[in-house]
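Here is how the chains run, residue by residue.
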Amino acid sequence: MHDLQPITPLGQKKPQVDIHGSVTLTENIETALASFAARMGAETKAKTALKAFIGGTPPAPGHATKGDISAIWMGPDQWMVMAPFASHEDLAQQLITKAKASASVTEQTDGWCRFDLTGQGLADVFERLCPAPVRSWTGGEATRTSIDHLGCFLVCHDPAKITVIGPRSSAGSLHHALLVAMKSAL
Amino acid sequence: MTQKNRLDGGLIDRSETWSFKFDGKWMKGHKGDTLASALLANDVRLMGRSFKYHRPRGPLTAGSEEPNAIVELRDGARKEPNTRATTAELFDGLTANSQNRWPSLKWDVMAINDRFSSFLSAGFYYKTFMWPAAFWEKIYEPIIRKAAGLGTLDHRPDPDSYDKGFLHCDLLIIGAGPTGLAAALTAGRAGGQVIIADEDFVLGGRLNAETFVVGEGAGSDWAASTVAELASMDNVRVMPRTTIIGAFDHGIYGAVERVSDHLATPEDGKPRQILWRIYSKQAVLAAGATERPIGFHMNDRPGIMLAGAMRAYANRWAATPAHEVAIFTNNDDGHRTALDLQAKGVKIAGVVDTRANAPQSDMYRTIAGGQITNTQGRLGLTCVEVTLSDDTTQTLTCGALGVSGGWNPNVHMTCHQRGRPEWRDDIAAFAPAGTLPPGLHVAGAAMGEFTTQAALTSGMDAAVSALGAIGIKAKAQDLPLAEDAPVSITPFWHVQGAKRAWLDQQNDVTAKDVVLAHKENFTSVEHLKRYTTLGMATDQGKTSNMSGLAIMAEVAGKQIPEVGTTMFRPPYTPTAIGVLAGRSRDADFRPVRKTPSHTWAEEHGAVFVEVGMWLRAQWFPRPGETSWRQSVDREVAQTRKSVGICDVTTLGKIDVQGPDAAAFLNKIYCNPFAKVPVGKVRYGLMLREDGIAMDDGTAARMAEDHFVVTTTTANAVAVYRHMEFVRQCLFPDMDVQLISTTEAWAQFSVAGPNARKLLQKVVDDDHDISNEAFPYMGCGEITVSGGLRARLFRISFSGELAYEIAVPTRYGDALIRKMVEAGKEFDVVVYGTEALGVMRIEKGHAAGNELNGTTTAQNLGMGRMVNKKKDSIGSTLSEREGLNQEGDLRLVGFKPVDANDPVPAGSHLMTKGTTVDAAHDQGYVTSACYSPNLGHHIGIGYLKAGDTRLGEIVRLVSPLTGLDHDVEVVSAHFIDPEGERLRA
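Top line first, the protein sequences correspond to chains V and U. Counting from 252, one number per residue, gives the positions in the first sequence under this note's numbering. Counting from 129, one number per residue, gives the positions in the second sequence under this note's numbering.
If we strip away everything but chain V, and leave its shape as in the complex, we get:
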């Protein structure tokens, strides 16, 4: 076991938690990410491998699957796979093993920061952040959108829990944008 101490995307030892009104904003560092892109002619094989890994059909455009191990649709035959960091720090390697050259897999865990927003009134917050039609979401939706110039993923677990995954180097700016919108809307 190595002896290097990780820091959070916000540059701290512990994840940041902010509460404003009815919403709690939590920096989540417990998610491992890997991109999974089917190779040409191996799309079915790749989908089957991914299905086995995430325990369900890979999501269609605009959607994410639910559960500890899940996936977000990212492009034609491309998904972002999410799994608990503690058990899947080597998520990319696990997927490579499963895919058996049917897909190109790239470790993405630390390319991103993740913030979870929970509570009532999330649609009010997100309508001040991005064009995604969050108010109509019921759970299971996911999209790529832009928040304060930052390309982000939005994943709706249910209307009271939405995850924002954004570029790690701009975690501070993204966190600030989320907090400002919470204070503005709630």
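No lab work stands behind these hints: they were computed from the structure. Quick caveat, the model's predicted, so the values are computed rather than measured. Don't take every hint at face value.
[Stated by the list, open to error] Chain V residues, not near chain U, derived (Cβ > 12 Å throughout): (1) 298; (2) 304; (3) 320; (4) 361; (5) 390; (6) 400.
[Claimed, not checked] Calculated lysine to any residue pairs in the SDA-like style (CA-CA distance at most 20 Å, straight line): (7) U:132 / U:149; (8) V:434 / U:149; (9) U:398 / V:427.
The beta carbon of each residue, even a glycine, is placed where N, CA and C say it ideally should be.
Could you slot chain U onto chain V? The hints should help.
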């Protein structure tokens, strides 16, 4: 001062009495007042001065179309000039000041302009300031600049924040008068997702300004109960204080919500205003209509206002501009005003109706076929002169005059995508027609349906039809009965022979100016507008354009439809720049990107520089160092002497995978990549399609089907975009997958003779990184610090023995701390971008300054890298004759002949003995620095035929700064030209 002009009734809340200050004088008003209504209630008619002639003016309207009552609202940093008193919602403590006057509103020195009005007619400055030409810059322009503008800014930053947001709906309803409310009720009850927006703070539109009965009760009561029902529906969003400012593509509308304008200061964390982008599937324009005035001599005195506005002040705000008023009208609407005001106890001096068959009333005196031909009262109306049909004149004493020339449908949104309204004789106005923005339906007064009953019905019908278009079935509603009197109007634009009949009251454009424009052949409406400035003020001519067109038609001998209208453009009403910027201002103008070692760098006093959006450490000053050069020289010297560490995470990293990964890179780079062995890195140069150098970097082959490509920091996004374009559009048959991993890995350069020794203390023992096992340009996956996955690349930007080591970003902070600790025995130094730059210039490596979008591989001295045995992007066009001339620019180095001379980047090179001018230019210095290793300044840059001129002494000049001294042309590789260090 008491509220001497306050009437009974109205929709104001008399239980809340508020104080406000206008031009230093405190007055009282009530909740629900606007600044204008409160001022009128306090017997203040004079509220502003016009732009050109500084004529005293009072409110013409009771809404956002106001040209006259323009004030500076609030004070201090929140001061907001050019704000309409007619829409400014009163709050306790509100402060307002009149503007465009000195020393006071009543006594304004610049009113002298009015005396010279015959010299200041339309187009005067086009004619006047032509000569002498030399006067323009020094005399005319400063004077015009001083005279220009209305209110003044505070010049301190706006302390409030603004927000932006995005809304989605099935149906957007623009306007919440009877039409909009009927539409919303219909759509809301049908279950559609509805947004209804209105610029007013009380919804109901004219229902709140009239005394009509709707159903069993007052129109305002029906409006209030309907709004309450709508607000109770989950599927309806009611947005008061929200102006739809424009109709854009694909059903998108812009809206400005004034969240906190009615408060002294916004609540903590809340924005002042929000700019909403509304994505609608369908929209109903229920924007109503704007009353238009009639032009007559001296029709601009404070107290002269639109009759509908006078009615609104009396009925909604219980305020009257005077206790004795007269009316001037060409339609039945003017008579309503007389009846309503009389019912409130205001004396009616008479109703002057231009129609010979005007309706008579026993409630007040009607002068049928009469015209108002003059008015009196310097700072406020005292009487009007009426010319009767038999040409005799009479004087009516009155403190206010209500004028009604008919109503213009608010067609603006229907024209924002170049639609043109059409003239309708029955209402003597332009109404929406032709191609409307897709999905937009128009109803009510905006469509020329001027009765309340027609408004309700057409609003309902529009909602049914709009929802039907998207498959939502809406039922017809059982709407209440309302007023349904037919429109009776005889067009009457201006009183013939009037000398000073004001059309555009803000910009002081008269009927005479329109005639003059025609005489001088500015007959097109667009020319008329620009020549006279008609409709170019903050109100955009909402009350004046129509009269201008009518008069132009008259003098041109045309019909109004032949003259046409000018183009309506967004925004519908003045919009603050602040709300367009939203949150993107000051430090939040754009996101900040921080490197993994940012915290460590801060702890060690780094001076940061913005590179793109990245904050990178520029240098790390140590105690005793008084200039940046000392810090940078130390960092360079220590790195070359022992070992230095630099965070290079910002370089772009692109993961390229797939069976065709190598073939793909062979297309992207101009030099060969097909046969790079696994475990090796290759330097690559990529060209644009046109053969110009695009970016350089390295590609490391981690596996047969896996490369990691690095790009320069600045071009990371551009290169990734380029590669995606190539993959998706040029070579879609290649089996290759791309994804950025720039941020996923914390990457550090470890450079210097002791780099390997340092790394050996960090890299786990089972990975042999000796020179033999891990030679120059090697790469591989390793583990560090007891098992953490990492990547190691033996590449060098500094020219030293160097590596780049990468770990997952979360461990980057720990890794630099560990390497600094491990490097203590070597006196390791952490260096910033300045030292990085110095070392790459010493080594002669090209960077952004050299890859400047105009240079080729040939220019860079890399012409032979463009492999002709394969086809790569840009390869063919790089062979263009013009890019391959003898004597072309070549990258070389320069050192000063006198070692004390600087070599500034940007300086130009001249052959000795030639004239210093562009024709004799030989090239320029692209990058320069002081080399602590050589003890003098050095530079690299492009020189014509530079590769053949080594040893030549050339002049380095900068005519702008007076620089002129000799430099020697040398190889660009100042340090270790044979590359022995990096292979050590």
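Hint check results:
Distance check for residue 298 of chain V against chain U: the nearest CB is about 15 Å away, which clears 12 Å, and the non-interface claim stands. At roughly 18 Å from the closest C-beta of chain U, the C-beta of residue 304 of chain V stays outside 12 Å, upholding its exclusion from the interface. A cut-off of 12 Å between C-beta atoms confirms that residue 320 of chain V is not in contact with chain U; the least separation is 20 Å. The non-interface label for residue 361 of chain V is inconsistent with chain U: the shortest C-beta to C-beta separation is roughly 4 Å, within 12 Å.
The Cβ of residue 390 of chain V sits about 18 Å from the closest Cβ of chain U, beyond the 12 Å cut-off, so the non-interface label holds. Once the 12 Å rule is applied to beta carbons, residue 400 of chain V is inconsistent with being away from chain U; the minimum gap is 6 Å. A hinted pair counts as satisfied when its Cα atoms are at most 20 Å apart, and residue 132 of chain U with residue 149 of chain U qualifies at roughly 17 Å. Proposed proximity of residue 434 of chain V and residue 149 of chain U is contradicted: the alpha carbons are some 32 Å apart, above 20 Å.
A hinted pair counts as satisfied when its Cα atoms are at most 20 Å apart, and residue 398 of chain U with residue 427 of chain V qualifies at roughly 15 Å.
Of the numbered hints given earlier, the model fails hints 4, 6, 8; all others are met.
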